[in-house]
Amino acid sequence: MNSAINQAYLKTRASVMSGKLVDETDIKSFLHAPLQTLEQQFGLGGLSDRGLGEAELNRVIERGLINTLMNELSILLRPLNGSARDILIYWSRKFELYNLKALIRGKLHDMPYDQIRESLHILPSLISLPHEQLLRTENVPELLRQLEQTPYEGIARQARRVFEEKNESFSLDATIDQRYYTGLLKHARNCDQDDQPTLLRLIGSLIDRQNLPWLLRYRFNYKLSPSETYYLMAPSGRQLQADLLKQLVNMQEITQILHALPAPLNEQLADTTSIMDVELAMGERLTHQARRCLLFSPSAVTRSLAYMMLRELDLKRVFAIIQGRVLKLDEQLIRQAADIKLEAQGV
Amino acid sequence: MFRPLPMKQVLIQLLKDDLPQASLSLAELGNFSPYSAETYAESFPEIPGTHYRGVYHQAHSRLQKIENHIQLNPASSSFATHVITEPELEQTNEWLGEVWERCSAYEEHFRRLTDEAQMLNQLEQALDNFATLNIDLALLHGDRLFLDLRIGLLPSANVPQLKEAIGLANYLLFSYMENAGHTHVIILGPKGEREHELTSVLDTAGFHALEIPPELHDEPERIRQELQLRRENLHQERQQREAAMSACAEELRPRLEQCRDILIMAEPYVAMDDAARNIGELAIITGWVPEQALHQIESTLNKTLQNPFRITATTPSREQHSQVPTFLPTNWLTSPFSSLVKQYGIPRYGEINPTLVFAFSFIAMFGMMFGDVGHGLVITLAAWLARGKLKSFTPFVICAGLSAALFGLLYGSLFGYEHLFHAIWLPPLSDPLYMLSMALLWGIGFMVVISLLYIHNRLVSGELSHALFDTNGVVSITLYLSVLGGIYNLYLTGHFGIIPASMSVVTLLTLLAFKLIETHATPGERMLVATIETFETLTGYISNTLSFLRVAAFSLNHVALAIAVFTLADMMEGTGHWLMVIGGNIFILVLEGAIVTIQALRLEYYEGFSRFFSGDGKEFTPLKLSLEGLK
Numbered sequence: 001m002n003s004a005i006n007q008a009y010l011k012t013r014a015s016v017m018s019g020k021l022v023d024e025t026d027i028k029s030f031l032h033a034p035l036q037t038l039e040q041q042f043g044l045g046g047l048s049d050r051g052l053g054e055a056e057l058n059r060v061i062e063r064g065l066i067n068t069l070m071n072e073l074s075i076l077l078r079p080l081n082g083s084a085r086d087i088l089i090y091w092s093r094k095f096e097l098y099n100l101k102a103l104i105r106g107k108l109h110d111m112p113y114d115q116i117r118e119s120l121h122i123l124p125s126l127i128s129l130p131h132e133q134l135l136r137t138e139n140v141p142e143l144l145r146q147l148e149q150t151p152y153e154g155i156a157r158q159a160r161r162v163f164e165e166k167n168e169s170f171s172l173d174a175t176i177d178q179r180y181y182t183g184l185l186k187h188a189r190n191c192d193q194d195d196q197p198t199l200l201r202l203i204g205s206l207i208d209r210q211n212l213p214w215l216l217r218y219r220f221n222y223k224l225s226p227s228e229t230y231y232l233m234a235p236s237g238r239q240l241q242a243d244l245l246k247q248l249v250n251m252q253e254i255t256q257i258l259h260a261l262p263a264p265l266n267e268q269l270a271d272t273t274s275i276m277d278v279e280l281a282m283g284e285r286l287t288h289q290a291r292r293c294l295l296f297s298p299s300a301v302t303r304s305l306a307y308m309m310l311r312e313l314d315l316k317r318v319f320a321i322i323q324g325r326v327l328k329l330d331e332q333l334i335r336q337a338a339d340i341k342l343e344a345q346g347v
Numbered sequence: 001m002f003r004p005l006p007m008k009q010v011l012i013q014l015l016k017d018d019l020p021q022a023s024l025s026l027a028e029l030g031n032f033s034p035y036s037a038e039t040y041a042e043s044f045p046e047i048p049g050t051h052y053r054g055v056y057h058q059a060h061s062r063l064q065k066i067e068n069h070i071q072l073n074p075a076s077s078s079f080a081t082h083v084i085t086e087p088e089l090e091q092t093n094e095w096l097g098e099v100w101e102r103c104s105a106y107e108e109h110f111r112r113l114t115d116e117a118q119m120l121n122q123l124e125q126a127l128d129n130f131a132t133l134n135i136d137l138a139l140l141h142g143d144r145l146f147l148d149l150r151i152g153l154l155p156s157a158n159v160p161q162l163k164e165a166i167g168l169a170n171y172l173l174f175s176y177m178e179n180a181g182h183t184h185v186i187i188l189g190p191k192g193e194r195e196h197e198l199t200s201v202l203d204t205a206g207f208h209a210l211e212i213p214p215e216l217h218d219e220p221e222r223i224r225q226e227l228q229l230r231r232e233n234l235h236q237e238r239q240q241r242e243a244a245m246s247a248c249a250e251e252l253r254p255r256l257e258q259c260r261d262i263l264i265m266a267e268p269y270v271a272m273d274d275a276a277r278n279i280g281e282l283a284i285i286t287g288w289v290p291e292q293a294l295h296q297i298e299s300t301l302n303k304t305l306q307n308p309f310r311i312t313a314t315t316p317s318r319e320q321h322s323q324v325p326t327f328l329p330t331n332w333l334t335s336p337f338s339s340l341v342k343q344y345g346i347p348r349y350g351e352i353n354p355t356l357v358f359a360f361s362f363i364a365m366f367g368m369m370f371g372d373v374g375h376g377l378v379i380t381l382a383a384w385l386a387r388g389k390l391k392s393f394t395p396f397v398i399c400a401g402l403s404a405a406l407f408g409l410l411y412g413s414l415f416g417y418e419h420l421f422h423a424i425w426l427p428p429l430s431d432p433l434y435m436l437s438m439a440l441l442w443g444i445g446f447m448v449v450i451s452l453l454y455i456h457n458r459l460v461s462g463e464l465s466h467a468l469f470d471t472n473g474v475v476s477i478t479l480y481l482s483v484l485g486g487i488y489n490l491y492l493t494g495h496f497g498i499i500p501a502s503m504s505v506v507t508l509l510t511l512l513a514f515k516l517i518e519t520h521a522t523p524g525e526r527m528l529v530a531t532i533e534t535f536e537t538l539t540g541y542i543s544n545t546l547s548f549l550r551v552a553a554f555s556l557n558h559v560a561l562a563i564a565v566f567t568l569a570d571m572m573e574g575t576g577h578w579l580m581v582i583g584g585n586i587f588i589l590v591l592e593g594a595i596v597t598i599q600a601l602r603l604e605y606y607e608g609f610s611r612f613f614s615g616d617g618k619e620f621t622p623l624k625l626s627l628e629g630l631k
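Protein chains in written order, with the UniProt record's numbering: chain U, 1 to 347; chain Y, 1 to 631.
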């Protein structure tokens, strides 16, 4: 990403595209906007007229979300090359990792072929695994043998060890996530010196959002030991650095951990009572950080990555609203799904 | 011959129980292409055979995986067929599942053996490392009262995180060697309640313990012999497994081939997919058949179906042409040319079949550019000798060789020698300008034929305005010919001529007017786009025509290369001279032969195909008895 022209072009592109992002007012207005206009606006035209079942509806909506994201990603990728291009592509691999987890979980629980297939995202060939071939495998070892022939070989080998030693899916998921975030950091460190500081800050926030709720889950839900919990953390978060994580994993209560967080994180999380609340609060922090990067970062690739992260969050919320409205769900439930602050009844 | 076969849309009404038999019979005939007709979805809402399809796909996938381990003989082209019932298919699937389980176990075992062999390599390197250390290895063994000590290796990428993590359990990690993505480590810490915690983290991190023999220092040779023995055992085990696998393959092959035949017979019903629909016991099959095969289909179904059925055939309307598959009949001679046409695309139903035009013009242009009796005959002979490898492309290469030989006779050239016999026409280098003008004439003829094909195709599609006024339409070709006529007049008399000039202006304005009507934009943009497109139509014709100059240029190039070879050969004497002549001719054959083939194809695709057919038609893919239809 050396060319000044490319930097300027990409910043302009990201800036133009940022016009598509929605704020809280927009999100709230979507709750009452005509459904057809909403579907049209987000590339899901005619969705409500098709009379789809719940599973099919989920699938169509997810496909719409990923299609939109991938189309926009391909626009941002055009002027990029080398490590800057690699990091954006690597970020998008998270969707394929969702598929990978669904495949492993499905095989582990001996789920039928069609059921696993329904839960897979359809992705562009750039990041997609040979789904049909993997779906036709008949058990986890065979699936992992097949995966060892794909670009996910490293993850597959690691997953095989975890599977052979522990034979449980959550360890596999954790290992896959840890490898993904470690890989994302590695890609950021391979970028140009000019891009690195802001990229690492943004990815650090992303890792913090991942680490804190999972630290709480591993310690208090899964009852893992401090050392194993620490091992499953992605290293080098922004505020939750290695030394702090080491202290946190040794604590015995959630409140103790939340109080030990650095300011202003501890203040923001002071009122949270559940891991879900912590996750939501961390999500808000990440959104805030990404918006700052999108507006002020001197690095074009950081702006592009920030845009993609925000766009994904936005589309998830919008599609949750569309999905809820097509299924005629209760508004409060839709608000909850779309992470819109609940309003008092009758207001 | 010049058009795809006329097709009929057929609706077969039958009883649901007859669907598998009807599918099988249609596949045996090989001239029915299933088509999902949504119009019947309401009257016949059910799609039969969902479970059958699922079982088939699993069985097919299993067979494919098994075939990676057990090679089967090619399927016989004719075998006694029968309808495969669901229980028979399930039984086959079940048995294939058992076989695959065995194959998978072998695969997993081989994988384990490979892992073990790699571990042995790692261990050997670790021992080499320990052997050079001046420590008592016995200290690393046995239970210790206060110290928990482990030696092993893990993926290098996991080391930093693991080191930090086990530090929390008061353990230390030292790495002493790294190789092939693995790091050898020693982990030690206080014995006690956190041992279990450590084991769990080590498992997650992919830690493999290594056994360091305590007697390594005292008896290194014996240890090495033991390692060698373990390696040999692994090798032996692998060989035994491979032998067992081959024995298993021999034992299973006949039944596997039977299973493959069962799947081949089951596939037509599966391939019907939603082209077969039913409501209760009443079912329909919809699809396309060549008109000429209709009677054969009806009589075959009459013989094979037990219950009454009704077949209705309708001619597709012009509006339906985009849905009709294109059936391009081929024979041994036209098959390779048809393949090359398909590389570009499939003509839409009703459009001209370009295969014959392509075959004739390609062969002619190859000969024009590569005219040499000797080279042509060598190509023909080589194609005949390599017919096993060239397969269906043998006639293509033979035709190209014969065309080169024929033009060689016209040019009077034999292996580059131009004085061995008298040219029937003329040697290219004797009058290069004449050759270039001939190439231009060929190009003009080619462009006119291509435009006529375009006009025909548009008329067939009912696009009269495009046939008349669009680029390549009647107006464009008139413009092209009047400009050419004017230029010819200019060359002969120094005047463009009133008739060509007025025709050029009228056609140009007509073309511009059509473009203005066709362009949907703001007035300014519309004018700009229409003007540019009109101009582009004219320049396109001219530049495409000039492209054909390469036909003459390559015929001249062929002679020039031969002259270069002879000049070099004349610098040598005796054997050197003849080696140079032979080597030079081989060089011309290979290099120029390849270039001329590419150039001729380029002219066909870019100057020809791109002008008259869109290539977005659907190929007629009939149901067949094979496992290749479904992926």
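Any given hint could turn out to be false.
As the list claims (entries may be wrong) - Calculated lysine-lysine pairs in the DSS-like style (CA-CA distance at most 25 angstroms, straight line):
no.: 1; chain 1: U; residue 1: Lys11; chain 2: U; residue 2: Lys101
no.: 2; chain 1: Y; residue 1: Lys618; chain 2: Y; residue 2: Lys8
no.: 3; chain 1: U; residue 1: Lys223; chain 2: U; residue 2: Lys246
no.: 4; chain 1: Y; residue 1: Lys191; chain 2: U; residue 2: Lys246
no.: 5; chain 1: U; residue 1: Lys328; chain 2: U; residue 2: Lys28
no.: 6; chain 1: U; residue 1: Lys101; chain 2: U; residue 2: Lys20
no.: 7; chain 1: Y; residue 1: Lys389; chain 2: Y; residue 2: Lys8
no.: 8; chain 1: U; residue 1: Lys246; chain 2: Y; residue 2: Lys163
no.: 9; chain 1: Y; residue 1: Lys342; chain 2: Y; residue 2: Lys389
no.: 10; chain 1: U; residue 1: Lys20; chain 2: U; residue 2: Lys316
no.: 11; chain 1: U; residue 1: Lys223; chain 2: Y; residue 2: Lys191
no.: 12; chain 1: U; residue 1: Lys223; chain 2: Y; residue 2: Lys624
no.: 13; chain 1: Y; residue 1: Lys8; chain 2: Y; residue 2: Lys191
no.: 14; chain 1: U; residue 1: Lys186; chain 2: Y; residue 2: Lys389
no.: 15; chain 1: Y; residue 1: Lys163; chain 2: Y; residue 2: Lys342
Unchecked claim - Chain U residues, not near chain Y, derived (Cβ > 10 angstroms throughout):
no.: 16; residue: Gln41
no.: 17; residue: Tyr231
no.: 18; residue: Leu333
To be clear, the hints were calculated from the coordinates, so they are not data collected in a lab. Positions of the beta carbon are idealized from the N, C-alpha and C atoms, including for glycine.
Consistency of the hints with the structure:
1. Lys11/U - Lys101/U: Outside the cut-off at roughly 34 angstroms; violated.
2. Lys618/Y - Lys8/Y: holds, 15 angstroms
3. Lys223/U - Lys246/U: holds, 16 angstroms
4. Lys191/Y - Lys246/U: Satisfied, since the Cα-Cα distance of roughly 21 angstroms is no more than 25 angstroms.
5. Lys328/U - Lys28/U: holds, 17 angstroms
6. Lys101/U - Lys20/U: Answer violated: lysine 101/U to lysine 20/U is near 31 angstroms, above 25 angstroms.
7. Lys389/Y - Lys8/Y: violated, 38 angstroms
8. Lys246/U - Lys163/Y: holds, 12 angstroms
9. Lys342/Y - Lys389/Y: holds, 21 angstroms
10. Lys20/U - Lys316/U: holds, 14 angstroms
11. Lys223/U - Lys191/Y: holds, 22 angstroms
12. Lys223/U - Lys624/Y: violated, 59 angstroms
13. Lys8/Y - Lys191/Y: With a Cα-Cα distance of about 83 angstroms, the restraint between lysine 8/Y and lysine 191/Y is violated, given a limit of 25 angstroms.
14. Lys186/U - Lys389/Y: The hint is violated at about 49 angstroms.
15. Lys163/Y - Lys342/Y: violated, 60 angstroms
16. Gln41: Non-interface label on glutamine 41/U holds, nearest chain Y Cβ at 24 angstroms vs cutoff 10 angstroms.
17. Tyr231: violated, 4 angstroms
18. Leu333: Given that every Cβ of chain Y is farther than 10 angstroms from that of leucine 333/U, nearest at about 33 angstroms, it holds.
Consistency note: the structure conflicts with the earlier hints numbered 1, 6, 7, 12, 13, 14, 15, 17.
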